[in-house]
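Asks: Okay, here's what each chain looks like letter by letter:
There are 2 protein chains.
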Amino acid sequence: MTIRYPNGKKYQPVQKQKKPKKKDYTFGNRGKTLEDELNESNEYYLAHHLAVVHKKPIPIQIVQVDYPGRSRAVIREAYYRTPSTTDYNGVYKGRYIDFEAKETKNTTSFPLKNVHIHQVEHMKQVDEQQGITFLLVSFQQLDRYFLLPFPQLYDFWSRMESGGRKSITLEEFEKNAVEIRAGFTPRIPYLDAVDSYLVNKESEDGARGE
Amino acid sequence: MTIRYPNGKKYQPVQKQKKPKKKDYTFGNRGKTLEDELNESNEYYLAHHLAVVHKKPIPIQIVQVDYPGRSRAVIREAYYRTPSTTDYNGVYKGRYIDFEAKETKNTTSFPLKNVHIHQVEHMKQVDEQQGITFLLVSFQQLDRYFLLPFPQLYDFWSRMESGGRKSITLEEFEKNAVEIRAGFTPRIPYLDAVDSYLVNKESEDGARGE
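Heads up: the sequence lines are chains A and B, in that order.
Residues 1 to 210, numbered by UniProt numbering, are exactly what the first sequence covers, in order.
Residues 1 to 210, numbered by UniProt numbering, are exactly what the second sequence covers, in order.
Chain A extracted, bound-state conformation:
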């Protein structure tokens, strides 16, 4: 189906402006950040009609804007704001998907200080509304990726709140998360992990008679 502008011109999706990449030449990600890898994976999913997931823009508080003549407006003073939600959300088979992605150079555990409390609060709200919500963690040095569903994340968060350890160990990821087998196209096939999670969840819900 072709979409056209009011003047009859054919619509061509705009190429996204690429932002400069942070260089990091570990073997695993070959110079790509987790954000790059996820954006490419999301573009793959979109192009193949498998899911519509986008990264949210960074929230900015704009203080001063110049309008120089006929040129486009220039923002001259603005500040980063703390995001009140996670970074990624969208739709997969009609269901709402919402996740935060974090990478760590640590090789034995993931420090919970990388997750903001307002993100945990947001994921809790999404979970209560039956959305699919999770933390996606990249252990950069190990080239391993995990999808940790919110209920499990919340257990580890609560352990920390009650004075327990402030991180989740790799072994705990192996036991409680779904491992994502990094590939080529898409680089991070996280929807496969979502499928596994949902199959397990539904069989558990079924066993509980829900």
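Simulated from the structure, these hints should not be mistaken for lab results.
It is possible that some hints are incorrect.
Repeated chains share a single entry, so a pair holds when one copy, or any two copies, can fit it.
Unchecked claim - Subject to a maximum C-alpha distance of 16 angstroms in a straight line, what follows is the list of computed EDC-like cross-link-like pairs (lysine to aspartate or glutamate):
| # | residue 1 | residue 2 |
| --- | --- | --- |
| 1 | 102 | 155 |
| 2 | 102 | 127 |
| 3 | 55 | 40 |
| 4 | 93 | 128 |
| 5 | 93 | 172 |
Fit chain B to the known structure of chain A by using the hints.
Replies: Then chain B, alone, in the frame of chain A:
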């Protein structure tokens, strides 16, 4: 359930910074923009555990950032980018919701030039992924609000593409959209309109044997 910071301090949701309001003292919206009204409605839905819907931040391309001493980073040069999606999305009873909100001072029709082609393209992708997607239109002067589901919006868009009229008349909204009865809390109870739409849609899908 109380959420605590790693240091044991209780989490208090941050009050959103209010941006200066565009003044518009028509009777209907009493100085509030549609964005304000929708943000308040979304806060109401969130507080009452009915839905988790947020406005996406405006996408900005950042060119230069200053880091003045110990103060926070100041963005010194940045530009507005064209959004590639709609403004609002979130989750309602497990389902993905995605919409664009537009207001018009026009009293007899809604000009389609207010909708960007990339937003139509995005809504089409969401619709194909079985998300709930629609255009929310406020006729400011009339104090009337409509939820126009994407399939109907797409019909009007296609009419324009094939050389037909470049707007949707008020009568066409009355016939093809679900009217939202503006109230007090929430100001714009658009989830009621979503419910009506879903009931109709499911009975139609049922009739088609889907």
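Asks: Compare the structure with each hint and give your call.
Replies: Cross-check of the supplied hints:
| no. | hint | verdict |
| --- | --- | --- |
| 1 | 102 to 155 | neither (18 angstroms within a copy, 41 angstroms between copies) |
| 2 | 102 to 127 | neither (19 angstroms within a copy, 30 angstroms between copies) |
| 3 | 55 to 40 | within (11 angstroms within a copy, 24 angstroms between copies) |
| 4 | 93 to 128 | between (19 angstroms within a copy, 9 angstroms between copies) |
| 5 | 93 to 172 | neither (29 angstroms within a copy, 31 angstroms between copies) |
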